[in-house]
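Student: Please put together the full structure from these sequences, using the hints given.
For the record, the sequence lines run as chains A and B.
Quick note on numbering: our numbering labels position 73 of the first sequence as 73, and the sequence is numbered without any gaps.
Quick note on numbering: our numbering labels position 157 of the second sequence as 157, and the sequence is numbered without any gaps.
Mixed in with the good hints there might be a few duds.
Stated by the list, open to error - Each computed BS3-like pair below joins lysine-lysine, with the alpha-carbon atoms no more than 27 Å apart: (1) B:Lys-150 to A:Lys-194; (2) A:Lys-185 to A:Lys-77; (3) B:Lys-147 to A:Lys-76; (4) B:Lys-147 to A:Lys-77; (5) B:Lys-147 to A:Lys-191; (6) B:Lys-147 to A:Lys-185; (7) B:Lys-41 to A:Lys-76; (8) A:Lys-191 to A:Lys-77; (9) A:Lys-77 to B:Lys-150; (10) A:Lys-185 to B:Lys-150; (11) A:Lys-69 to B:Lys-31; (12) B:Lys-150 to A:Lys-125; (13) B:Lys-147 to A:Lys-125; (14) A:Lys-191 to B:Lys-150; (15) B:Lys-147 to A:Lys-194; (16) A:Lys-69 to B:Lys-150; (17) B:Lys-29 to A:Lys-76; (18) B:Lys-41 to A:Lys-125.
Stated by the list, open to error - Between beta-carbon pairs, the in silico distance windows are: (19) A:Lys-77 to B:Ile-9: 43 to 51 Å; (20) B:Val-73 to A:Lys-189: 27 to 35 Å; (21) A:Asp-28 to B:Asn-174: 52 to 60 Å; (22) A:Gly-21 to B:Ala-56: 38 to 46 Å.
Bear in mind the hints are in silico, worked out from the structure with no lab data behind them.
Values in this document were obtained by computation on a predicted structure and should not be read as measured data.
Every residue gets a Cβ at the ideal spot worked out from N, C-alpha and C, and that includes glycine.
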Amino acid sequence: MINGIWLGLIVIGVVVAIFTGNVQAVTDAAINFSGTAVEIAIGLIGIMTLWLGIMAIAEKSGLIRGLAKALSPIMKKLFPEVPADHPAMGAMIMNIAANILGLGNAATPFGLKAMEELDTLNEHKGVATDAMVMFLAINTSSVTLLPATVIGLRAAAGSTNATEVIGPVILATTISTVSAIILAKLFGKMKRYKVENYIEKSDVENVQEG
Amino acid sequence: MLQTVLNTISLYAIPAILLGIPLYGYVKKVKVYEVFVGGAKEGFDTAIRIIPYLVAMLAAIGIFRASGAMNFVVKLLSPVTNLIGLPAEVLPMGIMRSLSGGGAEGMMVELFNTYGPDSLIGRMASVAMGSTETTMYCIAVYYGVAKITKVRHTLSVGLLVDAISLIAAAVITNIVF
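Tutor: Structure (structure tokens):
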């Protein structure tokens, strides 16, 4: 599906551009966005390094273990295949906590660390595990109590009550997070999304290539 | 009042963490500087590893955005979204939200400038913007770091949840305001 969507974006984009006369704009966008992608990654180096350092202290001092223990009843339900004392649990908790507080640029480094740790439990490299899908679903549905960017942009646009959207945002994001968790669990049990399907395919490809 | 409290929280949250964790570590006899440097050294590799995934995703999204194809998608979907009380003006931003966070943010600011942040359209855009994250970006960044290319049900769940949260934003805004 991801191959289809990726190809679809490019095919639709180029074909539509031919009819709308935006061909030059499409060329520029492809080049500029590739540059932007690298800039984002380079920009991540600094905050990634900072937060991984802080996290190492939090780990060593037992802070994360304490946090993970306190939240283990919930975390065990969400990520049953991850051992309660695994470093992935701590990193995921830090990521979700940072997201809830609206600290986007601290959340990403913790989330990346969590993914690396989850991958150490992955028996079939390259294929997402149930825990990874669940963790990503929670992240894309955004768990936030403080939509800081939105409030800032509203205030900048001259809103008389920039914070009035907080209540509705919390309600909407709760609905989206709850549905993300339910859907991730449900879809994970479906036949078409079983891990085995994806291993077989890549094995067949390997055989053909070999 | 609420605004002041929230501003204070976002101003002090990060300094509080940057102070609190090393201080706690020091109390617990952790060699804070050494442990910081030891943990931090992975940062570079992790950030660099996501580049190919991010370039693939952002280039495709950039091509789609620049082509003007969004107008066709909006024409296709607007009969359905009108039924749930989502104005056609908000729909492009709602779709862009799944593809590009920066793109959606720019569209939201445009809606603020045209209709005002306190209009129904402005409020609905705000709620839609705040209640979900950019699915495609998250997949590229988070799966890039673990070199995951077979995403299984991630995309179905992510896009379905985006649709649900857009509907929720429309319904909630219409009821609350």
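Student: For every hint, state whether the structure bears it out.
Tutor: Structure-based check of all given hints:
no.	hint	result
1	B:Lys-150 to A:Lys-194	holds, 11 Å
2	A:Lys-185 to A:Lys-77	holds, 10 Å
3	B:Lys-147 to A:Lys-76	holds, 25 Å
4	B:Lys-147 to A:Lys-77	holds, 26 Å
5	B:Lys-147 to A:Lys-191	holds, 24 Å
6	B:Lys-147 to A:Lys-185	holds, 23 Å
7	B:Lys-41 to A:Lys-76	violated, 30 Å
8	A:Lys-191 to A:Lys-77	holds, 22 Å
9	A:Lys-77 to B:Lys-150	holds, 24 Å
10	A:Lys-185 to B:Lys-150	holds, 18 Å
11	A:Lys-69 to B:Lys-31	holds, 24 Å
12	B:Lys-150 to A:Lys-125	holds, 9 Å
13	B:Lys-147 to A:Lys-125	holds, 8 Å
14	A:Lys-191 to B:Lys-150	holds, 15 Å
15	B:Lys-147 to A:Lys-194	holds, 19 Å
16	A:Lys-69 to B:Lys-150	violated, 32 Å
17	B:Lys-29 to A:Lys-76	violated, 30 Å
18	B:Lys-41 to A:Lys-125	holds, 24 Å
19	A:Lys-77 to B:Ile-9: 43 to 51 Å	violated, 29 Å
20	B:Val-73 to A:Lys-189: 27 to 35 Å	holds, 31 Å
21	A:Asp-28 to B:Asn-174: 52 to 60 Å	violated, 39 Å
22	A:Gly-21 to B:Ala-56: 38 to 46 Å	violated, 26 Å
Checked against the numbered hints listed earlier, the structure breaks hints 7, 16, 17, 19, 21, 22; every other hint is satisfied.
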